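**Q** Those sequence lines, one after another, are chains A and B. If you count the first sequence from 1, position 129 lands on 128 in numbering that gives the first Met the number 0, and the numbers rise without skipping. If you count the second sequence from 1, position 80 lands on 79 in numbering that gives the first Met the number 0, and the numbers rise without skipping.
Mixed in with the good hints, there may be bad ones.
[Claimed, not checked] Here are the simulated distance ranges between beta carbons:
| no. | chain 1 | residue 1 | chain 2 | residue 2 | range |
| --- | --- | --- | --- | --- | --- |
| 1 | A | V207 | B | R151 | 18 to 24 Å |
| 2 | B | A377 | A | V207 | 56 to 62 Å |
| 3 | A | S164 | B | P89 | 35 to 41 Å |
| 4 | A | V207 | B | K329 | 34 to 40 Å |
| 5 | B | P89 | A | E74 | 18 to 24 Å |
| 6 | A | S164 | B | E126 | 27 to 33 Å |
[Stated by the list, open to error] Partial pick of chain B residues on the chain A-facing surface, computed with a CB cut under 10 Å:
| no. | residue |
| --- | --- |
| 7 | F56 |
| 8 | S90 |
| 9 | A91 |
| 10 | R98 |
| 11 | V101 |
| 12 | L122 |
| 13 | E194 |
| 14 | G200 |
| 15 | A258 |
| 16 | V265 |
| 17 | P302 |
| 18 | F304 |
| 19 | K329 |
| 20 | L336 |
| 21 | V340 |
Hints listed in this document are in silico derivations from the structure and should not be mistaken for laboratory results. Predicted, not measured: the structure shown is a model, and the values here were computed from it. Each residue gets a CB set at the ideal place from its N, CA and C atoms; glycine is no exception.
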Amino acid sequence: MSTPRSWEGASAAPSHASPGKLHDCAGAARARTRQVRRATWYAVAVGSAIVAAAFSDVAAQLPTYGVGRTPTAAEIGAWDLTIPFDGVGLPPGSGTAALGGPIYVGRCASCHGERGQNGKYDRLVGGHGTLTTDRPVLTIGSFWPYAPTLFSYLRRAQPIDEPGSLTADQAYALTAYLLFLNGIIGEHDVMDARTLPLVNMPNREGFVPDPRPDVRQP
Amino acid sequence: MSSTPESTRRRFLKGGIAIGAAFVATAPSPARTQSAPDDPSKLLGGPARPYGERSRFEQAERVKQGVPKTDEVAVGNATPLHETVGIITPSALHYEVHRSGVPDIDPAKHRLLIQGMVDRPVLLTVEEIRALPSTSRILFLECQGNTQFEWRAPTGRGVAETHGLTSCTEWTGVPLSLLLREAGVQRGAAWILAEGADGSGNERSLPLAKAMDDALIAYGQNGEAIRPENGYPLRLIVPGWSGNINVKWLRRLKVVDRAYLTRMDVTGQPILLPDGTARRLNFVFEAKSVITSPSGGQRLRRPGFHEIRGLAWSGRGLIRRVEISTDGGKAWRDATLQSPVLPFAHTRFRLDWRWQGGEAILQSRCTDETGYVQPTLAELARVRGLNSRFFNNAIQSWKVAGDGSVSNVHA
């Protein structure tokens, strides 16, 4: 992976809040309560104690501020769908271009053209050999470096009028179909969590880190 | 509505009787075509309004930037920089770019999830975030595609079309570092994946170092809630960095050990080079400036005094200097920087100019606190070619013709 060196490295390491802070919070709450009790407004003190108790509730997840709660596994799972470039976390399921073709025709072709080339919106297919010309055509085949990214994006954001509606099987099948249209895999190659990261995208090595400032200064 | 000043006055009086100074249900403003009184001091004025609106004589609007393209379902609505003054962009004129429309979000239902490599994954309500220690900063935002159609030939008519995908706002929110410390970032974490609640899948990878340095989770824009098109109710704000990493409608931050290289990480801001390779994970905006007046589409009505005005900004901090040329870059004069000059914010500059009536080529060139000097288009193109599209920060030229008309040129 080519990441700019300046954004790698240990200088990124933040301070590590200790697990003990949860208890510190409860202690602080008790201290606050004691302090207020010394005040003459006893009724107010009782009220504050109740608030302090609520803030140190075990459900709170930000120790210093006593807010937030622990998400359930289902809540995390519903949103945690992004698949990194290396395909770690790809879900169960599978699909082939043969299965993806009919899905494409029904849900994608009206915007992207019959075979991903002459639609109203993003061109998805072709463009090989154009990146060095005056009219570069950036498509999945000519530009995208990693196949799992395609699965991740399709499942999350397409089709544009029904984002998030594709099942894992449908997303695998559509991914396979678009790779097939780009001449990258065969029509009956099965795409799944094991095979998709192994697809050799033509422009995989086509990226370099950002070296800016890159213009010689006066 | 055919209201005369007289009927307006009657309506106001009726409303006024109802409940003293209570806000009258907002009557629509009289049409702009209707004339205002010659002497407003001789009439009772209009009612107070619960939520203000600008004068009916003011018409500044966002301008669509770019030519219709077939490779993006994107809306790019630019700030009319030639019509704004000072350094704060009114929220209603802040540029907007989105790829799946503006989502309709009830803040009571919205949540921010912080997950991944943290000791304490957390789900926060908007109300809880608003209650945390707050901070405000005046910062520019810019779309990395701003000025992308100017590489090969001058295409935008005016400064909104060429440079309007940048705006400057007082953002209010919570330091992201505070939330990350509280969640307890684990050893080995190096990046954050940020995601919005809209349908576009604008998922961006942000280095943890920048997240800990100065990023914000904002809920306020110029003193009120963020506008829907700018990310209501929560937006990630990353000072000086590429527009779409300032994720709107923010709902999830996942702390991870590597850049995910999502679709928008890869295709959202690549700088395509002549050899066909592309630089990716480009983040920072280098110093850039533009003259907003006189600018393309405007017309100088007479020779003599004109104030040259413009904006400069840098993703690396402060603007130190702005120079102006009126002869296509042969001679340069220092412009005055209007205070406040703030890091990562628009800086307003101005210079008195006496137009002699002949042809002139106006240019501005800024220098930031690192000493970086804004380059010419030729200097950029020498290194990046003409296909690089994003992060075009070249010096802009406006030609004033003998008749005073101003147009976009390459000079």
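**Q** Please name the hints from earlier in the document that this structure breaks, with their numbers sorted from lowest to highest.
**A** 2, 5, 7, 8, 9, 11, 17, 18, 19, 20 and 21
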